[in-house]
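Peer 1: Now for the letters of each chain:
Number of protein chains: 2
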Amino acid sequence: MFTACALAATVTAVSAKEIIHDAQFGILERQHGEKWAAQDKEIEKKLAEIREKNGGKRPNIVYILVDDLSYGQMGSRKMNHVMGVDTKNINKFANESLSLERMYTEPSCTPTRAAMMTGRHPIRSGSSEVKVTLVGEGLSKEEVTIAEVLSESGYSTAHIGKWHQGDIEESYPHNQGFDFAAFPAHQQVQLSLMTKEAALANNLFGWHDSMQNNDFVIDKTFRPNGMVTGLEARKGKKAKEVHMPAGHEWSQADYHAMNVRYQKQAIEQLQQLSKFDKPFYLQYWPLYPLNFAHDQTPNKSRNGGFMAEKLQLLDTWFGEFLAELDNLGIADNTLVVLMADNGLMYHYGGPSGLSELIYRGGKTDFLEGGIRVDAYVRWPDVIEANTAASDMVHVSDLFTTIANIGQATDNIPHDRVIDGIDQTALLLEGEHNGRRDYVYVYQGDRLAAVVKDEFKMHMPSPGMPGAAAPVFNVLRDPREENPHIGMALWSGASFQDMIKRHMMTIQKYPHLPLGKGQPYSGIENLRPETKKLVDDFMSWH
Amino acid sequence: MFTACALAATVTAVSAKEIIHDAQFGILERQHGEKWAAQDKEIEKKLAEIREKNGGKRPNIVYILVDDLSYGQMGSRKMNHVMGVDTKNINKFANESLSLERMYTEPSCTPTRAAMMTGRHPIRSGSSEVKVTLVGEGLSKEEVTIAEVLSESGYSTAHIGKWHQGDIEESYPHNQGFDFAAFPAHQQVQLSLMTKEAALANNLFGWHDSMQNNDFVIDKTFRPNGMVTGLEARKGKKAKEVHMPAGHEWSQADYHAMNVRYQKQAIEQLQQLSKFDKPFYLQYWPLYPLNFAHDQTPNKSRNGGFMAEKLQLLDTWFGEFLAELDNLGIADNTLVVLMADNGLMYHYGGPSGLSELIYRGGKTDFLEGGIRVDAYVRWPDVIEANTAASDMVHVSDLFTTIANIGQATDNIPHDRVIDGIDQTALLLEGEHNGRRDYVYVYQGDRLAAVVKDEFKMHMPSPGMPGAAAPVFNVLRDPREENPHIGMALWSGASFQDMIKRHMMTIQKYPHLPLGKGQPYSGIENLRPETKKLVDDFMSWH
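Top to bottom, those sequences are chains C and Z. For the first sequence, position 450 (counting from the first letter as 1) is numbered 450 according to full-length UniProt numbering, and the numbering increases by one without interruption. For the second sequence, position 421 (counting from the first letter as 1) is numbered 421 according to full-length UniProt numbering, and the numbering increases by one without interruption.
Here chain C stands alone, though its shape is the one from the complex (with noise of 0.2 Å):
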């Protein structure tokens, strides 16, 4: 189709200095680079100004990550008459917010939790797919963290919640930058879905041991048994399994529980790190909604599926822990982003109670449905309340624009290609001062799809021209459904150029790898069945 190496001679060069983005992103910045760098010099004045203000501490960061929500299901009333669920808190929230309306992430849960984590597309640091059981992989340690960036320079570092990158030692994120960590070694396909109430509840989609039969089984490791629930550390330490003791049988109520104890523990992080003269990034990455049974607590929500219920839980989750950020008296000199990390896991839509919504699809699609998320951000007197922008983000955008606002730029490594773009001007000055038109969306390790102002190129079947590529016009046809073949052919070189690029990029900065390792290193207390667990892994790598 195209010669990369026969443009690699365009790309344009960058000082030691400079972050190294896509060359995709040097057409923007030939046409605007002077005018961004004036606006950059105010914007610097301004955050220096909010410091003063704040003693000269910079600003508080708390970055909250909820699983698998189609756009529209969090931070809207009218959505949630739709739905029969209310998300008050959120849309109280969204209220004193910029809107972020088109925020784009990664299909699924570990590429998108990787690019806000490293500014990077996942497919660079080799986290583009998502992995269930034992892998013996995981996030490099020669990946840069915003935890890491942030904390180099000076921010106390907390997670709670969902991690999902990986299970060894180096991947954890008390080894990436967190002075503190509680996070489940997986994610919930073990800690709902393969439990007994979930084989109950849904008899289609649950497995349980229990529930089978097993008659013909030969080989018992294809269905793991003991694998690492809930993990605690801190920095430098070695990581420990909480609350589950050896020969316990996994259950909702673990599950529940597990969410109860991330609320609590997302609070009292809050309450620590607000004590500190260090200003601190806390990132809380709930596991709910996403679950796979219903549970015995009387319906709260109109809607009453068992995602919906968990949706309106964690609303209520959410005031508590703005409530607590007002009672600490840290609300003001605190950023606050809250987000979907993908769209609906739609795959249970019915009895889950959540379904597509506006975009078609869902996880793992590269469609809008898969990759279109609710985004607010609250910083209150910095960012004007109750506004929105159409501007284009990708959820990498979120590591370079928070370690500018941290200060922390400097930090950054400037031997990789960084995908994410300083969003700074956007947050504090609103609508139109995006830095961004353009997207490459992944679907795993395969380019899907290419997102330029309101045009979506689907990638082409192998063999087929780049002009017949279907293109959607994503303000008219949000569901990508008419595809405009005569766009395709106006703007089918533009495309195609727009790819070009950034091939050549990777070229000249290929992607690393994933690390690679022992399941559950460094880990110090496996259970017995989960030692089997790791040696029937071993056996065979």
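Don't take every hint at face value.
Which copy? The list can't say, so a pair holds if one copy fits it or any two copies do.
[Unchecked claim] List time: in silico DSBU-like cross-link candidates among lysine-lysine, alpha-carbon distance up to 30 Å:
| no. | residue 1 | residue 2 |
| --- | --- | --- |
| 1 | 300 | 237 |
| 2 | 235 | 264 |
| 3 | 35 | 264 |
| 4 | 240 | 92 |
| 5 | 300 | 452 |
| 6 | 532 | 41 |
| 7 | 300 | 35 |
| 8 | 88 | 452 |
| 9 | 531 | 57 |
| 10 | 235 | 500 |
| 11 | 196 | 278 |
| 12 | 237 | 88 |
| 13 | 531 | 45 |
| 14 | 264 | 508 |
| 15 | 240 | 220 |
| 16 | 237 | 278 |
| 17 | 452 | 500 |
| 18 | 88 | 278 |
Keep in mind the hints are simulated off the structure, nothing from the lab.
With the hints as your guide, set chain Z onto chain C.
Peer 2: Below, chain Z without anything else, positioned relative to chain C:
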């Protein structure tokens, strides 16, 4: 399937003064009648107090009905960002209003408008079909419209804009209770789709004689020529076609001028009606946003599609209309209802700029996308601003509710079924005060679905048992994609009972026929080409 007559004996006996509702409503009245009667007394007192505050004057009522929009396309900033349209005046109005988040209409223009006018399912008045060209039919003089109900009780009445209730004299608005009316004889297929501009702009859709070779045309009457365009008339007078000289070829420019004129006339009516001692009922039913061709004006919206552009224009016009209410000092004693008449004409998806959003389907469909619309009701200091209700409302309820608010209930006829429920309590007391939990959904003459609570049964295919009909939970599955067979089994019998009650009611109070006559009767200045058209029509009648 069942014998309606066997059940007829159970129809609730009604006293001469009581409104006759569908037997299904009797089920609710038996359970809540006493409570509602007590609440009605309180409401009567409240309405009396409001009148007293306004020097004894009953409230003015403005009813604005917008053509063909998906739920979410008016009044939501978030949805504005999805579409790239800014309906800021409507959004502001929505914030000053009670949002009726579960307003059901009929799936097309004529039936929805007939339901509102008569308070009756359009099937009862023969108005369930949409007519495009000459039919010699229309709303019967036997029907009693809300305009007649209010007029008889002392309201001034005016109708501006789309009417679409027939082409015979008795069906025209000035013969159905309006003191003044300015309206097109037909609708947008004639006024915008069958223009040269539409044929040029969207060659697949528009039709215009000049764009065809017509080499094999034998029947010249298949494509009508010379249809009546805009009419104006006063009560008791003949109608007059306006701004349409004989021989003139109608164009998009004429259509635009007509839209501009109706906006101007709506405001003029406000100015005139506000001078009278009498309260007024003004209905303004714009033709835009429905149209079928881009015009030459530069894009005002980010979207730029030809319907999206006119939605944005309509928003500006609505802002001007509201501003005039303020200017005239009558905003406080005026109830304003803004809503869409049915789902989007989504058949023009891509280029129109507007498309399906949350709900599946659009105009003509019995799916929620065809019949769930945005609806906002404002009455300053009476209806609580910035509130929302998920209580079910059917467009026919406005008939009964507006009659009640206008103290004109006694003029509602007592010899026929009125489907409209009095929802004054919902408006004044807010969510949870609705008195409807069901809707019979017709698609033309066919009962296509039945809604009850959050459940919706799609009628089973002929011969299929009722228990096997697909039933959806519209909160958990708003797009009606995953029928719950299990749910149909528990609810099947109850849904069948609902249908029986409805059929029983029809048996007791049979449908009334549509009015019949000569097309364009009662118009004093028919053009020669129109007379030819009428001649052709009459030749086979």
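Peer 1: All the hints need checking, so say for each whether the structure fits it.
Peer 2: Taking the hints in turn, this is what the structure says about them:
no., hint, in the structure
1, 300 - 237, "neither (41 Å within a copy, 59 Å between copies)"
2, 235 - 264, "within (20 Å within a copy, 70 Å between copies)"
3, 35 - 264, "neither (45 Å within a copy, 45 Å between copies)"
4, 240 - 92, "neither (38 Å within a copy, 54 Å between copies)"
5, 300 - 452, "between (41 Å within a copy, 21 Å between copies)"
6, 532 - 41, "neither (58 Å within a copy, 75 Å between copies)"
7, 300 - 35, "between (51 Å within a copy, 26 Å between copies)"
8, 88 - 452, "between (34 Å within a copy, 26 Å between copies)"
9, 531 - 57, "neither (46 Å within a copy, 83 Å between copies)"
10, 235 - 500, "neither (41 Å within a copy, 70 Å between copies)"
11, 196 - 278, "neither (45 Å within a copy, 70 Å between copies)"
12, 237 - 88, "neither (40 Å within a copy, 55 Å between copies)"
13, 531 - 45, "neither (55 Å within a copy, 76 Å between copies)"
14, 264 - 508, "neither (46 Å within a copy, 63 Å between copies)"
15, 240 - 220, "within (27 Å within a copy, 86 Å between copies)"
16, 237 - 278, "within (22 Å within a copy, 82 Å between copies)"
17, 452 - 500, "within (14 Å within a copy, 55 Å between copies)"
18, 88 - 278, "neither (32 Å within a copy, 43 Å between copies)"
Checked against the numbered hints above, the structure breaks hints 1, 3, 4, 6, 9, 10, 11, 12, 13, 14 and 18 and satisfies the rest.
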